[in-house]
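Engineer: Listed here are the chains, written in short residue letters.
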Amino acid sequence: MTETMTRRPFYLRPPINILFDINRLEKLTPWNVNIAFLLRQFLSEMEHNGKVDFRASGVALDSSALIYLMKSKLLLTLQEPPAPPKMPTDFVPPPLFLPLRHELTSTTIQHLLAVLDEVLKGEKLAAIDRVVAQPVLPQASDLMPQFDKFMAELESQMDKLYAHLLDLVKGAGIIQFTNLIKGLPRIEAVRAFILLLFLAQDGLILLWQDEETEEIYITVGNLKIGKQPNAKLESES
Amino acid sequence: MSDAEEKKLHNLSLLEAALYVAGRPLDINELRSVLTTRSKKKAEQLMEVLTEEYVARNTAMEILRLKDERYVMQVKSEFTPLIKRLVNRPLLSAGPLKTLSYIAYRQPITSKRVIEVRGQHAYGHVKLLKDMGLVATERNGRSIVLKTTDYFADYFGLTMDMTTMKRDLKRIFGEALKDEPQP
Amino acid sequence: MSDAEEKKLHNLSLLEAALYVAGRPLDINELRSVLTTRSKKKAEQLMEVLTEEYVARNTAMEILRLKDERYVMQVKSEFTPLIKRLVNRPLLSAGPLKTLSYIAYRQPITSKRVIEVRGQHAYGHVKLLKDMGLVATERNGRSIVLKTTDYFADYFGLTMDMTTMKRDLKRIFGEALKDEPQP
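If you read the protein sequences in the order shown, they are chains A, B and C. Just so you know, we're using our numbering here: the first sequence kicks off at 15 and counts up by one. Just so you know, we're using our numbering here: the second sequence kicks off at 1140 and counts up by one. Just so you know, we're using our numbering here: the third sequence kicks off at 1140 and counts up by one.
Since the hints were made in silico from the structure, they are not lab data. Beta carbons: idealized from backbone N, C-alpha and C, even for Gly. Do not rely on the hints blindly, as some may be mistaken.
Computed cross-link-like contacts, DSBU-like style, restricted to lysine-lysine with a CA-CA straight-line distance of at most 35 Å [stated by the list, open to error]:
(1) LYS1179/B x LYS1223/C
(2) LYS1181/B x LYS1223/C
(3) LYS1269/B x LYS1266/C
(4) LYS1251/C x LYS135/A
(5) LYS1215/B x LYS1269/B
(6) LYS1269/B x LYS1223/C
(7) LYS1206/B x LYS1215/C
(8) LYS1206/B x LYS1146/B
(9) LYS1223/B x LYS1223/C
(10) LYS1147/C x LYS1309/B
(11) LYS1215/C x LYS1286/B
Computed Cβ-Cβ distance ranges for the label pairs, DEER-style [unchecked claim]:
(12) PHE105/A x MET1299/B: 22 to 28 Å
(13) MET1301/B x GLY235/A: 57 to 63 Å
(14) MET1299/B x GLU1183/C: 43 to 49 Å
(15) LYS1181/B x ASN1197/C: 18 to 24 Å
Counterexamples of contact, computed for chain C against chain B with all Cβ distances above 12 Å [to be verified]:
(16) SER1141
(17) SER1172
(18) ARG1204
(19) ASP1207
(20) ALA1233
(21) PRO1247
(22) THR1249
(23) LYS1251
(24) ILE1254
(25) GLY1272
(26) SER1282
When you get a sec, could you build the whole thing from the sequences and use the hints?
Structural biologist: As structure tokens, then:
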């Protein structure tokens, strides 16, 4: 076997043989063929044998050109812009201009005043929101034990608040948020609010907000007052 | 001036004021109630007189009689481009208006086709036109199509009958095209 | 009719159409720009003619000359109570109205603060209010702030002078808020 191999011309041995098998060449992915390397190898082998084979050189050159062409073709297909989608043409008439009419509207300064009341309440809530917005959870970069400690602390606080809520409603009932935080310092009220959000997320309580009064109602226990699949705190629309 | 004449002038002014403040078409019953009369006929006759007076006065405003015994006051279309910018309510810009024209012209038409012809931004136009009540979706056999609404017909003083409306629109577009530089 | 007469009639109609659709007082510069004339005097003279014509016509509408060379078209007050109930379109829906009331009360105020208090949807409200000409942005030192416009003052019947307006608003708002604890 080895003898047969050695008797065959050098250019029929791998890897240079690729250049001399046209059928195989056409099935190759041209990017996997390093033409420069193969040709250098071919030349050094020829030099080593001390005999210039013009026929073999011609085939090698032809094959290299073919691979080059295949590469170019692929590149060109890739770079070709996608054919523009055929826009269906249809006559589009010029814009219709709406006839102008004088329009008196019914809104008065009294309406403006009526809503201002609500908005100023929202302004106070926004102040609370900003306190809420400050990072409550530790940063991701913090060590896990610290986070665990925080979660444990949070859970114990949640348990305490939930027990307090159950106590207030004696099993099941609705409490207003303002009643819950009556007399508490602001930071405590904010804390209670956050804990309520966690309790609602765990499905232990339901929260909803009256759009007009902006009062938040907390439902504790199974009241069976209409199904409410998700506990949610409605924001003002 | 006789009492009857004075009364008539007062009633004409009442109808004029009503159309002015409403800023929308008023039907004969609304107009009747402004006059505190039970007679439709009386209201109609007075509206005829007022409409004619507006024609004779030949000013910037006109009163149109719409289908179903409704009347509206508006600025004559020739003045629209010159004073549009003084209106303090967001008007439809040219893009949505063009989409509206196309829907009106080709209705009933699928929204798919509207997007094909007017491009992706027409999604927003159709939504806006629906929000404004100028266009509505309707089921037509198995497909859902867009149509202009009665409000649209009102707004442009067009009849609500689809065939007549389309004929009128073609005329309007034809006129508009005459003024347009041809592509 | 001579060309000059025809031109004059056209200009009178333009002014009429402008006052009609604006529904608010227009100042002499706005009226001038409708006529595309540089001459204040010409605009003033035409407004005189139009105002007199309205007096002569003796219909439901009148044109008034306000101070600061502003003119407004309105329904004569004697007709207002009879037709008020026909006006049923609000200027703004509840959300944008709330945002407007807040800006009016706290102006000049940064839009950042408005969003903080009124929420993310207030971006759209502020855009709408600006489009409607009720609110405008102004540079105040290094920051950009929101303020109500003259149109806002006109619409709600308040004086245009900012200090007086704020006092007016505070007085009105103060009365409305008497029971509220002040922030």
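Engineer: Each of the hints needs a verdict: does it hold here or not?
Structural biologist: Hints and how they fare:
1. Between LYS1179/B and LYS1223/C, the direct Cα distance comes to roughly 21 Å. Compliance with the 35 Å bound is thereby established for this hinted pair.
2. Straight-line distance between C-alpha atoms of LYS1181/B and LYS1223/C comes to about 22 Å, which keeps the hinted pair within the 35 Å bound.
3. Using a Cα cut-off of 35 Å, the hinted pair LYS1269/B and LYS1266/C holds, with the two alpha carbons roughly 21 Å apart.
4. Restraint check for LYS1251/C and LYS135/A: the C-alpha separation of about 18 Å stays at or below 35 Å, so the hint holds.
5. For a cut-off of 35 Å, the pair hint linking LYS1215/B to LYS1269/B stands: about 26 Å separates their Cα positions.
6. Our distance criterion of 35 Å between C-alpha atoms is met by LYS1269/B and LYS1223/C, whose separation comes to about 29 Å.
7. Simply put, LYS1206/B and LYS1215/C have alpha-carbon atoms about 30 Å apart, close enough for the 35 Å limit, and the pair holds.
8. Of the pairs offered as hints, the one joining LYS1206/B and LYS1146/B holds, with about 28 Å between alpha carbons and a cut-off of 35 Å not exceeded.
9. This hinted pair checks out: LYS1223/B and LYS1223/C have alpha carbons roughly 26 Å apart, not beyond 35 Å.
10. Distance hint between LYS1147/C and LYS1309/B is fulfilled; the C-alpha atoms sit about 33 Å from each other, no more than 35 Å.
11. Our distance criterion of 35 Å between C-alpha atoms is broken by LYS1215/C and LYS1286/B, whose separation comes to about 40 Å.
12. For the pair PHE105/A and MET1299/B, the supplied restraint of 22 to 28 Å holds, since their beta-carbon distance comes to about 24 Å.
13. Between MET1301/B and GLY235/A the beta carbons are some 59 Å apart, a value that agrees with the proposed interval 57 to 63 Å.
14. The beta-carbon spacing between MET1299/B and GLU1183/C, approximately 45 Å, falls within the hinted interval of 43 to 49 Å.
15. Taken as a hint, the range 18 to 24 Å holds for the pair LYS1181/B and ASN1197/C, whose Cβ atoms sit roughly 22 Å apart.
16. In this structure SER1141/C is separated from chain B by more than 12 Å, as the shortest Cβ-Cβ distance comes to about 16 Å.
17. With 12 Å as the threshold on Cβ separation, the claim that SER1172/C sits away from chain B is violated: the shortest Cβ distance comes to roughly 9 Å.
18. The claim that ARG1204/C is not at the interface with chain B holds, since no C-beta of that chain comes within 12 Å of its own (minimum 18 Å).
19. Consistency note on ASP1207/C: stated as away from chain B, and its beta-carbon is indeed over 12 Å from all of that chain's, at 17 Å minimum.
20. Remark: the non-interface label on ALA1233/C is consistent with the geometry, its nearest Cβ contact in chain B lying 16 Å away (cut-off 12 Å).
21. With a least CB separation of 21 Å from chain B, PRO1247/C remains clear of the 12 Å interface cut-off, as annotated.
22. Non-interface status of THR1249/C relative to chain B is upheld: no Cβ of that chain comes within 12 Å, the nearest being about 24 Å off.
23. Chain B leaves LYS1251/C outside its interface by the beta-carbon criterion, the shortest separation being 24 Å against a cut-off of 12 Å.
24. The claim that ILE1254/C is not at the interface with chain B holds, since no C-beta of that chain comes within 12 Å of its own (minimum 21 Å).
25. Some Cβ of chain B comes within 12 Å of the Cβ of GLY1272/C; the nearest lies about 5 Å off, and the non-interface call is violated.
26. At the 12 Å boundary, the C-beta of SER1282/C stays outside the reach of chain B, the nearest C-beta of that chain being 27 Å off.
Going through the hint list in order, the structure does not satisfy hints 11, 17, 25.
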